[in-house]
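Student: Listed here are the chains, written in short residue letters.
Number of protein chains: 2
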Amino acid sequence: MENKYLARIVVDVSIFLEYSDENIIDPDASMELLEQISSELQKMTDAERASLSKSIRELAPQYGPRANFVTDLPSNLGISV
Amino acid sequence: MENKYLARIVVDVSIFLEYSDENIIDPDASMELLEQISSELQKMTDAERASLSKSIRELAPQYGPRANFVTDLPSNLGISV
Numbered sequence: 511m512e513n514k515y516l517a518r519i520v521v522d523v524s525i526f527l528e529y530s531d532e533n534i535i536d537p538d539a540s541m542e543l544l545e546q547i548s549s550e551l552q553k554m555t556d557a558e559r560a561s562l563s564k565s566i567r568e569l570a571p572q573y574g575p576r577a578n579f580v581t582d583l584p585s586n587l588g589i590s591v
Numbered sequence: 511m512e513n514k515y516l517a518r519i520v521v522d523v524s525i526f527l528e529y530s531d532e533n534i535i536d537p538d539a540s541m542e543l544l545e546q547i548s549s550e551l552q553k554m555t556d557a558e559r560a561s562l563s564k565s566i567r568e569l570a571p572q573y574g575p576r577a578n579f580v581t582d583l584p585s586n587l588g589i590s591v
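These protein sequence lines are chains A and B, in that order. According to the working numbering, the residues represented by the first sequence are 511 to 591, in order. According to the working numbering, the residues represented by the second sequence are 511 to 591, in order.
If you're looking for bench data, these hints aren't it; they were derived computationally from the structure. By construction, the Cβ of each residue, glycine as well, lies at the ideal position given by its N, Cα and C atoms. Fair warning: there could be bad hints in the mix.
[To be verified] Derived, one-sided and incomplete: chain A residues facing chain B with beta-carbon distance under 10 Å:
(1) Tyr-515
(2) Asp-522
(3) Asn-533
(4) Met-541
(5) Ile-547
(6) Glu-558
(7) Val-591
[Claimed, not checked] Below, in silico cross-link-like pairs of lysine to any residue (SDA-like), each with a Cα-Cα straight-line distance of 20 Å or less:
(8) Lys-514/A x Lys-553/A
(9) Lys-564/B x Ser-548/A
(10) Lys-514/B x Ser-585/B
(11) Lys-514/B x Ser-548/A
(12) Lys-564/B x Arg-518/B
(13) Lys-514/B x Asp-582/A
(14) Lys-514/A x Lys-553/B
(15) Lys-553/A x Glu-568/B
(16) Lys-514/B x Arg-518/A
Only chain A is shown next, with the shape it has when bound in the complex (with noise of 0.2 Å):
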């Protein structure tokens, strides 16, 4: 099982709860889920995590007005390692 799934999943899910107008989710629910997520991360290995952060930053540049939000995304979920 390669990541890039989980990478490309992690990266949409992120961007639709921190770009969401407030009318589309709720400010409160929408950072819960994001903590959440986060928190599944953090349980993985250093390796796993390191593997994953190259996946996520290497998806950046399709991002495009978006892709500093993907580069840094690693490091706001605090996967990086």
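Dock chain B against the given chain A, drawing on the hints supplied.
Tutor: What follows is chain B alone, placed relative to chain A:
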């Protein structure tokens, strides 16, 4: 990379999207994100989808009253093989 993290994140996000009140998340946006996740997962190979489906179903008992939702999730996401 094991897929238990992917399984857990897919389950947690799906439960959030399925069970959140429309005051928490806009139903159309919720549906759209779920379809995006489903579409991404359908790019996996048959073997990967079978493995992820198994991992998701194994988590079901941990979700108490939502165990049935979790058991049915691989099928509802279109990744049952």
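Student: Using the nearest Cβ pair, does Met-541/A come within less than 10 Å of chain B?
Tutor: Result: violated, 12 Å to nearest chain B Cβ.
Student: Hint check: is the beta carbon of Val-591/A less than 10 Å from a beta carbon of chain B?
Tutor: Violated, about 14 Å.
Student: Could you grab the alpha-carbon distance between Lys-514/B and Arg-518/A and see if it respects the 20 Å cut-off?
Tutor: holds (16 Å)
Student: Would the hint on Asn-533/A stand, with a C-beta cut-off of 10 Å toward chain B?
Tutor: holds (7 Å)
Student: Sort out whether Arg-518/B lies within 20 Å of Lys-564/B, counting only the CA atoms.
Tutor: It holds: about 12 Å lies between the C-alpha atoms, which stays within 20 Å.
Student: Is the shortest C-beta separation between Ile-547/A and chain B less than 10 Å?
Tutor: Because about 6 Å separates Ile-547/A from the closest Cβ in chain B, which is inside the 10 Å limit, the hint holds.
Student: Are the Cα positions of Lys-514/B and Asp-582/A separated by 20 Å at most?
Tutor: Roughly 24 Å between the alpha carbons, so the hint for Lys-514/B and Asp-582/A is violated.
Student: Once the shortest beta carbon distance from Glu-558/A to chain B is found, is it less than 10 Å?
Tutor: holds (6 Å)
Student: Does the alpha-carbon distance linking Lys-514/B and Ser-585/B stay inside the 20 Å limit?
Tutor: holds (18 Å)
Student: Is it true that the CA of Lys-514/A sits at most 20 Å from the CA of Lys-553/A?
Tutor: holds (18 Å)
Student: Within 20 Å, alpha carbon to alpha carbon, are Lys-553/A and Glu-568/B?
Tutor: It holds: about 18 Å lies between the C-alpha atoms, which stays within 20 Å.
Student: Quickly compare the C-alpha distance for Lys-514/A and Lys-553/B to 20 Å and report which way the hint goes.
Tutor: holds (11 Å)
Taken one by one, the earlier hints fail for this structure at numbers 4, 7, 9, 13, listed in ascending order.
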